[in-house]
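Chemist: Taken in order, these protein sequences are the chains called A and B. So in the working numbering, spot 147 of the first sequence is number 211, and the numbers just go up one at a time. So in the working numbering, spot 282 of the second sequence is number 396, and the numbers just go up one at a time.
Honestly, the hints are just simulated from the structure, not real lab data. In this text, a Cβ means the ideal position worked out from N, Cα and C, and glycines have one as well. Careful, some of the hints might be misleading.
As a list, the in silico DMTMM-like pairs of lysine to aspartate or glutamate whose alpha-carbon atoms are at most 25 Å apart [claimed, not checked]:
id	chain 1	residue 1	chain 2	residue 2
1	B	525	B	455
2	B	147	B	194
3	A	172	A	88
4	B	147	B	226
5	B	604	A	195
6	B	624	A	195
7	A	137	A	155
8	B	525	B	246
9	A	137	A	243
10	B	395	B	335
11	A	137	A	107
12	B	604	B	578
13	B	624	A	149
14	B	624	A	241
15	B	187	B	226
16	B	624	A	151
17	A	124	A	170
18	B	624	A	197
What follows is a list of derived Cβ distance ranges for each label pair [what the hints assert, rightly or not]:
id	chain 1	residue 1	chain 2	residue 2	range
19	A	207	B	578	44 to 54 Å
20	B	184	A	241	25 to 35 Å
21	B	606	A	151	21 to 31 Å
22	B	333	A	241	52 to 62 Å
23	B	578	A	241	28 to 38 Å
24	A	241	B	453	48 to 58 Å
25	A	157	B	607	30 to 40 Å
26	B	578	A	180	46 to 56 Å
What follows is each chain in one-letter form.
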Amino acid sequence: MRARAIVLALAFGLGLAAAAPAQEAGLTLAAGGFFGNESVYRDIYGSSLPLTFEIWAKAKGSFGLAAGLCVIKDSGRALAVGGGEAEYPVDFRRTTIPVVAFYQLDLKAIHVRVGAGIGVHSYRELWTTGENDFHGRKVSPRFVISASARLVGRLSVVGSFVYESIQTGAGSVLSSDVDLGGFQFLGGLSLRVF
Amino acid sequence: MKRVKGPALMVLFGAAILALPLRGPVALIKIPKVPGPVEPQLATLRVDVRQELGSCYLALARGADLAALRRAKLRFTVLDPAAGGRDIVLVRAGASSTLERLRGLGRAVMVEPGAAAFWTEEGSAAEAVPLDLARKALPRRSIRLRDGTPAVPLRAAPTAAVQDPIVSALVSQVSPSSLSSTVQDLQDFQTRHTSTTGCAAAGDYLFGAFTALGLENVRFETFGPLPGSRNVIAEKTGSTFPESILVICAHYDSTSGSYPTLAPGADDNGSGTATVVEAAKILASVPLDFTVRFAAFSGEEQGLLGSEAHANAARAAGDRIVGVINLDMIANASVLPGAMDVYVNGFSAWLGDRLVEAAASYGGPAAVKDVDPSMVYSDHASFWDTGTAALLAIENDFSPYYHSTSDTLDKLNLTFFASVAKASLGLLAELAQPVRSGYPRAPVGVAAETAVYTSLFSHLKILELGWATQSDAASFNVYRSEMSHLDYVKINATPVAGTSFSDPSISADKTYYYVVTAVGPTGLESNRSVEIIVGGNPLAAAPPSLPFFLRLGGLR
Numbered sequence: 065m066r067a068r069a070i071v072l073a074l075a076f077g078l079g080l081a082a083a084a085p086a087q088e089a090g091l092t093l094a095a096g097g098f099f100g101n102e103s104v105y106r107d108i109y110g111s112s113l114p115l116t117f118e119i120w121a122k123a124k125g126s127f128g129l130a131a132g133l134c135v136i137k138d139s140g141r142a143l144a145v146g147g148g149e150a151e152y153p154v155d156f157r158r159t160t161i162p163v164v165a166f167y168q169l170d171l172k173a174i175h176v177r178v179g180a181g182i183g184v185h186s187y188r189e190l191w192t193t194g195e196n197d198f199h200g201r202k203v204s205p206r207f208v209i210s211a212s213a214r215l216v217g218r219l220s221v222v223g224s225f226v227y228e229s230i231q232t233g234a235g236s237v238l239s240s241d242v243d244l245g246g247f248q249f250l251g252g253l254s255l256r257v258f
Numbered sequence: 115m116k117r118v119k120g121p122a123l124m125v126l127f128g129a130a131i132l133a134l135p136l137r138g139p140v141a142l143i144k145i146p147k148v149p150g151p152v153e154p155q156l157a158t159l160r161v162d163v164r165q166e167l168g169s170c171y172l173a174l175a176r177g178a179d180l181a182a183l184r185r186a187k188l189r190f191t192v193l194d195p196a197a198g199g200r201d202i203v204l205v206r207a208g209a210s211s212t213l214e215r216l217r218g219l220g221r222a223v224m225v226e227p228g229a230a231a232f233w234t235e236e237g238s239a240a241e242a243v244p245l246d247l248a249r250k251a252l253p254r255r256s257i258r259l260r261d262g263t264p265a266v267p268l269r270a271a272p273t274a275a276v277q278d279p280i281v282s283a284l285v286s287q288v289s290p291s292s293l294s295s296t297v298q299d300l301q302d303f304q305t306r307h308t309s310t311t312g313c314a315a316a317g318d319y320l321f322g323a324f325t326a327l328g329l330e331n332v333r334f335e336t337f338g339p340l341p342g343s344r345n346v347i348a349e350k351t352g353s354t355f356p357e358s359i360l361v362i363c364a365h366y367d368s369t370s371g372s373y374p375t376l377a378p379g380a381d382d383n384g385s386g387t388a389t390v391v392e393a394a395k396i397l398a399s400v401p402l403d404f405t406v407r408f409a410a411f412s413g414e415e416q417g418l419l420g421s422e423a424h425a426n427a428a429r430a431a432g433d434r435i436v437g438v439i440n441l442d443m444i445a446n447a448s449v450l451p452g453a454m455d456v457y458v459n460g461f462s463a464w465l466g467d468r469l470v471e472a473a474a475s476y477g478g479p480a481a482v483k484d485v486d487p488s489m490v491y492s493d494h495a496s497f498w499d500t501g502t503a504a505l506l507a508i509e510n511d512f513s514p515y516y517h518s519t520s521d522t523l524d525k526l527n528l529t530f531f532a533s534v535a536k537a538s539l540g541l542l543a544e545l546a547q548p549v550r551s552g553y554p555r556a557p558v559g560v561a562a563e564t565a566v567y568t569s570l571f572s573h574l575k576i577l578e579l580g581w582a583t584q585s586d587a588a589s590f591n592v593y594r595s596e597m598s599h600l601d602y603v604k605i606n607a608t609p610v611a612g613t614s615f616s617d618p619s620i621s622a623d624k625t626y627y628y629v630v631t632a633v634g635p636t637g638l639e640s641n642r643s644v645e646i647i648v649g650g651n652p653l654a655a656a657p658p659s660l661p662f663f664l665r666l667g668g669l670r
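Isolated chain B, as found in the complex (with noise of 0.2 Å):
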């Protein structure tokens, strides 16, 4: 026994020595975005990357990490030296008042401008935040990181509004009384904070109406011990690519300075949660390319907790995401038509740019697109950080009943609030697409492959794309874009009679969208394949679901 004993100690003891440096404090950094993109680089260094923002990535980082960032001579600061294990907030925090409304609360430190990092020695820091603050809890894991605003091409100017028939129908299906009776049903439940019975009774209630309109896969996700502590989940299964799903959600949980008992949350969020049924309503019997997610989501209050979870859970699951529409507040315009803002973050920039299209052409108010990553405020902000395209749609007049017991329905502006479900519901139906009577199918199984020849000098980059065999198609349109799911152009100069289309055209440095249509023997065309991406550099191009996206650092 002494025998084994001797050198299991030394190679214990040797074990902790080499073990030393992983030990030690994890420090909450900052690391400014600087021209040239440094997500390549944090990826490399395997960078525990906890947020974005519009103009620094926050990290937890132990000594050896900062010193590999020192030796890659990649500026950082230190916001808190010992952040390990430490519950730690984003709150906006738009004047310097409110940093020192923070410190007295807690610890706070300015990230960039209108964004502060807090955190209390104990209890909830989210709990601590002001009603009227804004927050956003850090996530508990490591962030997807794709290539910021600068890496992907941003369309300057939305092109023409142009109208599906089919999806108009289902627009002019909006009904403004149906959505205050979904408002006023919320608010007769006094109170949805998460803490509360009333939050729980109110997902029992998104549950029955889900369950009623036949939607597939409808559950609660629980996320935390809170009676409201729960998503409430539904799907819509598309007939042609059931794998790729559409998420349409909002929060339903509410707050206000007297939360236990009342806290009535029409505007926020009682209007993105009756869209998000609207939206259910309408197209529960209509047949869809696409599978479309209803999601509402609790605990946003307290942090996004709700919508963190189901991200995650979507994320380990592989689930493809094409992208999420959140909607949150709006419901408020103090004079018609009213304005709706869309915030996006860079790799999210499409969605926003055809949520702007839908509105125009469906009915929708005014519609701002702003990308900026700074704004994390609400649910699409978890999606951001699993890599998934998120937007947020929300009013631009914002509601001076903000998160208190005076945000009823009778404040609302129904008519604008319409608008918006339109808008929204537009941009998710053209997503989804309704599979239309009498037209080919979309076609399915379309996959690339790409082929670079080289010689001393030159080089050919060549696309090959294929697809599976369809009896109702005379023939297919191959259509390509430099941005995702916009301005696609037709490449094939003839109609493509197999199943296969080659292109030459490409750059090797570039990302590239395609798409497939079949086209009838009349001459109908189909809706849309699903969007292949091919080329360039993967923290841009490459969809979350992929494996070869780049995940970076891992749980401490």
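Just chain A, same shape as in the assembly (with noise of 0.2 Å):
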């Protein structure tokens, strides 16, 4: 929890201090489709909804900052390798801290962003009927492609796609590695504040 905390406010100072020069700032609300690169993600959850927070901020150029919080959790039914008629619950939660780079193209109403960074990931996957508890933390490189486009005064609609590859180094009997990452395609609302 500590860390965490570390790294948010390490993240929000990053973002204050890009905005201190900044020509714009805003917030970012969205939420989409998550579709895991694991099949055994796959399996056991199919397509989770991740919700997104974030605050960005340009700089004068077409360069800018942007940071917040990921969250992506989903419910499923553990795998029966070889047979098995119990069912056995789990639950999935991840919370990625999200710090990236961009870079803004402004085609007239349309803003387009490219941007690359990092993801500070932390998962659990619980039994819920109490036989496995597993906790992890990992940082991973993270890729954003997105646009958006003014919807009312300061407000605007954003589409965005995300791309992460999260190689944990733990698993279990069907997969040694499992790797968390994956494709998100998130849709949300933009509030330019300045």
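Both chains are given apart, each in its own frame, so use the hints to dock them into the complex.
Modeler: Following this line, the structure appears as structure tokens:
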């Protein structure tokens, strides 16, 4: 928890540092679909719903910085290998603090951003019947492409595509090194503060 | 016709070209046991392994096999580049002078310290080996590999001896006079060398003894052309688990420097044979859960020929042999109480532990377990070759009359002899489980299914045990161990009322051994069910009777 707070504070610090000379800054709230790289993830949880909150700031040129919080939460059932009819519900939660530098291309009313950075991930998989509880942390690269269009006043509609590869180095019977990354397609609203 | 001939010749020519790599000489090779199990690789490569020893495997291999071994980075040494069709014998060669003696008689090469491979260009290699040297013919077919000593958990020390009163009562019936009487009878045949009619007569005597006791399936098993090339087999069928068999065996043939006329073989191996007969006498009228097979082998002195034939026949018939107690030279002790050596290999270690315990419980001598896969010079080794748990019980104070005309009854120490017989019978009776009057029957039809449930980072392996209903049981208990037939621990916290039990606390990469007992309305607990083996490496865990047990190679 302490490490997470430090990283969060660092991200906000970076955000503020970027915002100080910033020409523009704002908040984005988005949700969408997550499609895991790992087939075992897809078999257990299918596609998941990520929720993202982001603070971004753009400097005078075309470069900017974004940081925030992304949560992926889902439920599924443990897979029976080679037979077995019992059901073991499992819950999965991944919290990511993304810190991404981006380049913004302004095409009249549409702003396209291409960004790269890191994601600081904290994840937990819990067997709700109590048999197993797994926690982990990992830092991985994060790539983002997004586009926004002004809706009304300072409010814009945003669509994003995020890719991450999160090799955890841990696993179980079907995969010894689970990749918690994958593709995210997000849609949401962005509010320009100034 | 011409139209057909041309293509046919071409096909034949092509087939001959393709078959070329399969031809060529068969080499005898030695594959060292390296850290990390080599057995799975040998299984994958289908290597024709013919013998396991303490430090290595002996195998027959053609050029393509050698290339495959090289590709797999398995080290090997060619001992004989043209071993095909040879009659190769392993000889116990403790001293370097032994190798020289063998080289004076034929070709010999050291395989590992204490063991030499020996063959002759003409005649029987086994017959050419001097009488004072123990020998074992290289099996005529691939052996069944099981994981060696390092992969099998071994108990460091025996647990405290626990006497079973029913078994104690049976053991108390062992009679030194009865043992000596049987040895005298065997000695009276003058010679029991396999090539003699004396051996044949001894076989008839044993056949008569087993028949008179009312045993079942009394039969000769002929394995060669000589008069004495016959095993004598008899059974006491188990009332609860007739398909599960315990074998007590000894070789009844003998040898000496004057074997055509005189080879009394009182210690080697009238003593072991008399104990088999004594066990048959005592158990003949006792209802047992498991089937007991009483086996008197011949041809042992020629390289374990009789037991090899029996073990291979049992393997082919799918006999479910739980364990084999082989008794060979068990009556010599210069001073009392004397000591008994118990030789086992890795997968038979449990049997050695159980004999050591039985010796402590039932008046046996001091017993020392020795896990030594190189000790292949008696009939237990034929069972090792088929993947069956087997032990050799042998006197620690080796008889000075070995293979001599002086190996007579008067040289035996009857007190020590009877004590070994008691320990052996104690173990046999414990494993065969006398049926207890007034107790519930041991559960039958015990079977196991495992299910593995996995999430991203965790898994759960669940064992579901099931068994047949029985009217005399109020509940059941389930016991588990990580070693076969040893140290079972009850795992059900409360009595199991139904006929199934789930064990969720097992690891996916371990082997577990389960037995089930029934508890009657008055609280009396039954004998154990057959042991169920679950999980782990099949090479390490599977009993020989199970189909998934890996069989290596094939006949060349």
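Chemist: What's the verdict on residue 147(B) and residue 194(B), does the C-alpha distance respect the 25 Å limit or exceed it?
Modeler: Between residue 147(B) and residue 194(B) the Cα gap is close to 19 Å, so the pair holds against 25 Å.
Chemist: Does the Cβ pair residue 157(A), residue 607(B) satisfy 30 to 40 Å?
Modeler: 34 Å, holds
Chemist: Check the hint pairing residue 137(A) with residue 155(A) against an upper bound of 25 Å on the C-alpha distance.
Modeler: 8 Å, holds
Chemist: Are the Cα positions of residue 624(B) and residue 197(A) separated by 25 Å at most?
Modeler: With Cα atoms ~22 Å apart, residue 624(B) and residue 197(A) stay inside 25 Å; holds.
Chemist: So the hint says 46 to 56 Å: do the beta-carbon atoms of residue 578(B) and residue 180(A) match that?
Modeler: For residue 578(B) and residue 180(A) the Cβ distance comes to about 51 Å; the hint holds.
Chemist: Would the hint linking residue 624(B) and residue 241(A) be met if the CA-CA limit is 25 Å?
Modeler: Holds, at about 22 Å.
Chemist: Checking one constraint from the list: CA of residue 624(B) to CA of residue 195(A), max 25 Å. Satisfied?
Modeler: At roughly 19 Å apart (the allowed maximum being 25 Å), residue 195(A) and residue 624(B) satisfy the hint.
Chemist: Given a hint of 25 to 35 Å, does the C-beta separation of residue 184(B) and residue 241(A) actually sit inside it?
Modeler: Because 32 Å falls inside the window, the suggested range holds.
Chemist: For the pair supplied as a hint, residue 525(B) and residue 455(B), confirm whether the alpha-carbon distance does not exceed 25 Å.
Modeler: The hint holds at about 20 Å.
Chemist: Regarding the pair residue 525(B) and residue 246(B), is the alpha-carbon distance no greater than 25 Å?
Modeler: 18 Å, holds
Chemist: Please work out if residue 395(B) and residue 335(B) have their alpha carbons no farther apart than 25 Å.
Modeler: 21 Å, holds
Chemist: With a cut-off of 25 Å on the C-alpha distance, tell me whether residue 624(B) and residue 149(A) pass.
Modeler: Between residue 624(B) and residue 149(A) the Cα gap is close to 23 Å, so the pair holds against 25 Å.
Checked against the numbered hints above, the structure violates none of them.
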